[in-house]
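Trainee: Next come the chains, spelled out residue by residue.
There are 2 protein chains.
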Amino acid sequence: MNTRLIRYLPILSWGRHYTRSDLGNDLTAAFIVTIMLIPQSLAYALLAGLPAEAGLYASIVPIMLYAVFGTSRSLAVGPVAVVSLMTAAALSNIVEQGTMGYAVAALSLAGLSGVILVAMGLFRLGFVANFLSHPVIAGFITASGIIIAASQLKHILGISAEGHNLAELVVSLGRNLGGINWITALIGVLATGFLFWVRKGLKPVLTKLGLGAGLTGFLVKLGPIVVVVATTAAVWYWGLDARGVKIVGAVPQSLPPFTLPSFSPALLQQLLLPAFLISIIGFVESISVAQTLAAKKRQRIDPDQELIGLGVANIGASLTGGFPVTGGFSRSVVNFDAGAATPAAGAFTAVGLAIAALALTPLIYFLPTATLAATIIVAVLSLVDFSILKRSWAYNRGDFAAVATTILLTLALGVEAGISAGVLLSVLLHLYRSSKPHIAEVGQMPGTEHFRNILRHKVITHPSIVTLRVDESLYFANARYLEDRIQARVAGDKEVRHVILQCSAINEIDFSALESLEAINDRLREMDVKLHLSEVKGPVMDRLAEQHFLDQLTGRVFLSQYEAVQGVLA
Amino acid sequence: MNTRLIRYLPILSWGRHYTRSDLGNDLTAAFIVTIMLIPQSLAYALLAGLPAEAGLYASIVPIMLYAVFGTSRSLAVGPVAVVSLMTAAALSNIVEQGTMGYAVAALSLAGLSGVILVAMGLFRLGFVANFLSHPVIAGFITASGIIIAASQLKHILGISAEGHNLAELVVSLGRNLGGINWITALIGVLATGFLFWVRKGLKPVLTKLGLGAGLTGFLVKLGPIVVVVATTAAVWYWGLDARGVKIVGAVPQSLPPFTLPSFSPALLQQLLLPAFLISIIGFVESISVAQTLAAKKRQRIDPDQELIGLGVANIGASLTGGFPVTGGFSRSVVNFDAGAATPAAGAFTAVGLAIAALALTPLIYFLPTATLAATIIVAVLSLVDFSILKRSWAYNRGDFAAVATTILLTLALGVEAGISAGVLLSVLLHLYRSSKPHIAEVGQMPGTEHFRNILRHKVITHPSIVTLRVDESLYFANARYLEDRIQARVAGDKEVRHVILQCSAINEIDFSALESLEAINDRLREMDVKLHLSEVKGPVMDRLAEQHFLDQLTGRVFLSQYEAVQGVLA
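Order-wise, the sequence lines are chains Y and V.
To convert, note that position 240 of the first sequence is 240 in full-length UniProt numbering; the numbers rise steadily by one, no gaps.
To convert, note that position 254 of the second sequence is 254 in full-length UniProt numbering; the numbers rise steadily by one, no gaps.
Hints in this document: simulated from the structure, not taken from any laboratory.
Note that the coordinates shown come from a computational prediction; the quantities given were computed from them, not determined experimentally.
For every residue, glycine included, the Cβ atom is placed at its ideal position computed from N, Cα and C.
A couple of the hints might just be wrong.
Unchecked claim - Distance condition first, Cα-Cα at most 30 Å in a straight line; then the derived DSSO-like pairs of lysine-lysine: (1) Lys458/Y x Lys530/Y; (2) Lys436/Y x Lys537/V; (3) Lys458/Y x Lys537/V; (4) Lys296/V x Lys297/Y; (5) Lys390/Y x Lys537/V; (6) Lys390/V x Lys537/Y; (7) Lys436/Y x Lys297/V; (8) Lys436/V x Lys296/Y; (9) Lys530/V x Lys297/Y; (10) Lys494/Y x Lys296/V; (11) Lys458/V x Lys537/Y; (12) Lys296/V x Lys436/Y; (13) Lys200/Y x Lys246/Y; (14) Lys436/V x Lys530/Y; (15) Lys537/Y x Lys436/V; (16) Lys390/V x Lys296/V; (17) Lys296/Y x Lys530/V; (18) Lys200/V x Lys297/V; (19) Lys297/Y x Lys494/V.
As the list claims (entries may be wrong) - Stretches of chain V that chain Y covers, calculated by requiring three or more beta carbons in the stretch to come under 8 Å of a beta carbon on chain Y: (20) 298-307; (21) 393-401; (22) 462-473.
Make a model of the complete structure from these sequences and hints.
Mentor: Encoded structure:
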């Protein structure tokens, strides 16, 4: 079969070998994931500022499309916490929450994000995601988790509060604290407590009771459904909605509707940066889950095709009443653990959620939003992990600065400013680090042909020779630094007649660095000092040989540093 | 003497050893530079959109302050073409040219730029200038030269035209071409032609006549003064100003006045980015001239102190009726060639110009602006050098792209957009390049302990071992690429039991890369494959040893690749 077609439609590869045993495994996994996803997808719609049904819609068509275009066998695509938060942050700046325009803008955001992802996949631009360093992502996720949890407190307490960063949220909550609805607060606190207990306390109990790991895991996953059923029943039985407990209310009984996003240029322009950030964050979250799970079965993930898969899923979300989606960590792990063999498990999950959207929505009329908020809080607090601060501090102060800045700015200014500052800072830190590369002056270790740092070892040197070893590729950001260093070293020492650059650690020399080498060569010539090179790597030498630099070089090029010193002294 | 004081006040160092012979040399150089600077400084004021006297003022106090704070013995500080163009571009967006607000905004721009430079010097942030790669600067200077020349055509032709990029200028010139003042055009064309001839044609003639090199050089430098005198006399004698020839007009006879820039926060905010760009461009231009000249006398330039020197010079310009200044290429070379021994030459030049400002300004009343425009055009066309396109193309397509983009965007959109795009593009290109590092799978050369690329050499490999050599430091932008490559290589080959990373070219591993190595180790463990490291550099090993990574590593760390293969097979 056409390999190009298989690259773009991975379903053609696994679909041909689909077995009855795969079917059984996929159906089981789909059942478990569906049960987990019903409360989760409602909750994330709430987080994104959308009506509850949008969460179900966003979990149906996108997951089916990903099954066709994605390369991971286990990834479950749908609304996730951080992306939902970013969606709310992006849209609230532009349109008022709860309006029709808000829902349409959500469709546009998903569509735009989808187009960006597909384009990045087709042009193989996945490397852009690499600019998000691990520390920045870890800091961002932690800070987002805190903001999300804080943003849900209003639902737990039954008050209103606004804000897209921690300060705004805390101030707003504090101001409205007088209006607490105590029944809502009781439901919220009990639900949150119960869910925490299910996570931390129930598992050991069940295991002690002698239940198998599989059954234990399944029962723990039922926790959210139990809370949903219990609190819904309570509101319905005691008529608590009449006493001020906010409920989900009427949800249309419907399959995902066909929707069209707005193509207003002004709107799209405002959404462009948020859509880009959502795409990148979503992709990074998704690909790392996908690769971790694929490794367990020695399967391969194609990052560029993943971009296409996620992009098509988002375009699907924008056409079926959804909002931005990506591969989620917890649901994918559940899917994998439940034995999902192929992406068909995702398709079956979609069928399960479609049935829920058609048949079960009347049952959640009385579901309190406080319960959904409790689900979110318990889910996101597992994202909060301050240990990254300690670990990065131990490893490298620069990385620590990137984490700390990302966390602080995300908390203080919101998600977009936080992630942008984090990326900018890590790029600047990288440039700064490589702009002052380690340059050692070296001499010969007595009795050997090895050359070592004169500051660390007792080595043999010659007053007329300065040998510098640059431990970094030469490029524009550090080329001028080398000029400065050489000029500073030679200008003050009238005995120097030869400068040897030991190039063993130089993997590349860009055009700027070539011009700097020419400048160094010219300036040394003015001082009557010769410039020599030693241990130049093959590809670097090939490049240099094409240019006039080697003709102009006042000195010579030596294969080894030892030969260089011998040759110069001879 | 206090070394800290000497660092910040280099005059304390050279001033103590000042000799009578230095005085003679400095006075001669100052005389020649003064003659050269009078027309040039008037012209650059015109280019910056300011009254002619601003050019003189900007050449007096700044050069004296630089003499106190700067480290170059030969640098001549004052208005230069590119910075004047950037000044005009920055100010015209904010205030109307010719108004009082415009001149005040110019003072603010110089002051802001001065503060930025001093701050960068005190905090040793000179490395920021390194992000301007050679190709980007070369492209920018070339494009700026073209824009400057085009912007002066209106003065040559005696028409009006507006615009800060080539397209705007050409359209505007074309529209007004009907209004040519033919007398102005005659003066302009003759002056331009004469100046070109002085540059290219006069020198050989004089040399043939047997004049010495020094006298020839001096006579050639008199060219602009000759044109100024001749055209001024012509306008005065024939009363051409009454026939539409634009003249400089009344210039106050005065020493530089004491002025205060505007501190309006709104204005300063609008000027911040332009001031930053002007500071960086000015610094880069200045430092490369300074270093080239210093090398000829084996002197040392301190880049951080240079920032302070230029910064104080600009603050001086803002307090004495000037505009942004920097070290100029041509005047510094003239200063050096004329024998300037110390920065005192600059101070004497300032005295010369102060005398000119006091005594000679009535003489330039009838000086036609077309003559000044001719001076500018001839000066800047020497900046235009398209050979950078050819040279960078030959060396590296990425560098070529950076040059071409910078030239095109500067011409099309103006100086600020051009330089910003160039910097952004070269940073992105660098990140892109290092995000896909060269990773070679290597095998043992028969009969040796060397390991080479399996694609290039006939080498010995073992089906259970994959050895990868990464030719780049590992950091966030390429860490995930390594994950992808290893996963892709191992997932498809069931025989692999060991992956060895040959780390001989890895100069650094940042925190992101460490986390990636942990992920690789974990994923390989899932596939029942061990990860080993070989030839890890000392500092990298020190870092790794502080972390838990080495404890978790499924395989071992070997001193050499040869030992690694032996150890794994044993």
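Trainee: Against each hint, give a clear statement of whether it holds in the structure.
Mentor: To see whether the hints hold, each was checked on the structure:
1. The suggested pairing of Lys458/Y with Lys530/Y holds, with an alpha-carbon distance near 26 Å, which does not exceed 30 Å.
2. Using a Cα cut-off of 30 Å, the hinted pair Lys436/Y and Lys537/V holds, with the two alpha carbons roughly 18 Å apart.
3. Simply put, Lys458/Y and Lys537/V have alpha-carbon atoms about 20 Å apart, close enough for the 30 Å limit, and the pair holds.
4. Between the alpha carbons of Lys296/V and Lys297/Y the distance comes to roughly 65 Å, so the proposed pair goes past 30 Å and is violated.
5. Between Lys390/Y and Lys537/V the alpha-carbon distance is near 25 Å, which keeps this suggested pair within the 30 Å criterion.
6. Between Lys390/V and Lys537/Y, the direct Cα distance comes to roughly 25 Å. Compliance with the 30 Å bound is thereby established for this hinted pair.
7. Taken as a hint, the Lys436/Y and Lys297/V pair is honoured in the structure, with Cα atoms around 26 Å apart against an allowance of 30 Å.
8. Only pairs whose Cα atoms come within 30 Å are accepted, and Lys436/V paired with Lys296/Y is accepted, the gap being roughly 25 Å.
9. A hinted pair counts as satisfied when its Cα atoms are at most 30 Å apart, and Lys530/V with Lys297/Y qualifies at roughly 16 Å.
10. Note on Lys494/Y and Lys296/V: the hinted pairing holds, with a Cα-Cα distance of about 14 Å set against a maximum of 30 Å.
11. Straight-line distance between C-alpha atoms of Lys458/V and Lys537/Y comes to about 20 Å, which keeps the hinted pair within the 30 Å bound.
12. Distance hint between Lys296/V and Lys436/Y is fulfilled; the C-alpha atoms sit about 25 Å from each other, no more than 30 Å.
13. Proposed proximity of Lys200/Y and Lys246/Y is supported: the alpha carbons are some 28 Å apart, at most 30 Å.
14. As the CA atoms of Lys436/V and Lys530/Y are separated by approximately 35 Å, the hinted pair breaks the 30 Å bound.
15. Among the hinted pairs, Lys537/Y with Lys436/V is consistent with the structure: their alpha-carbon atoms are about 18 Å apart, no more than 30 Å.
16. For the proposed pair Lys390/V and Lys296/V, the alpha carbon gap of about 29 Å is at most 30 Å, so the pair holds.
17. Taking the CA atoms of Lys296/Y and Lys530/V, the gap is near 14 Å; set against the 30 Å cutoff, the hint holds.
18. At most 30 Å may separate the alpha-carbon atoms for a hinted pair to count; Lys200/V and Lys297/V meet this at roughly 29 Å.
19. A distance of roughly 11 Å separates the Cα atoms of Lys297/Y and Lys494/V; the hinted pair therefore holds under the 30 Å criterion.
20. For a cut-off of 8 Å, the count of residues in the segment 298-307 of chain V with a CB near a CB of chain Y stands at 5, and the three-residue condition holds.
21. As drawn, the segment 393-401 of chain V meets chain Y at 5 residues by the rule of a beta-carbon pair under 8 Å; at three or more, the given contact holds.
22. Judged by the Cβ-Cβ criterion of 8 Å, the segment 462-473 of chain V is covered by chain Y as claimed, because 3 of its residues qualify and three suffice.
In summary, the structure is inconsistent with hints 4, 14 from the numbered list given earlier, while agreeing with the others.
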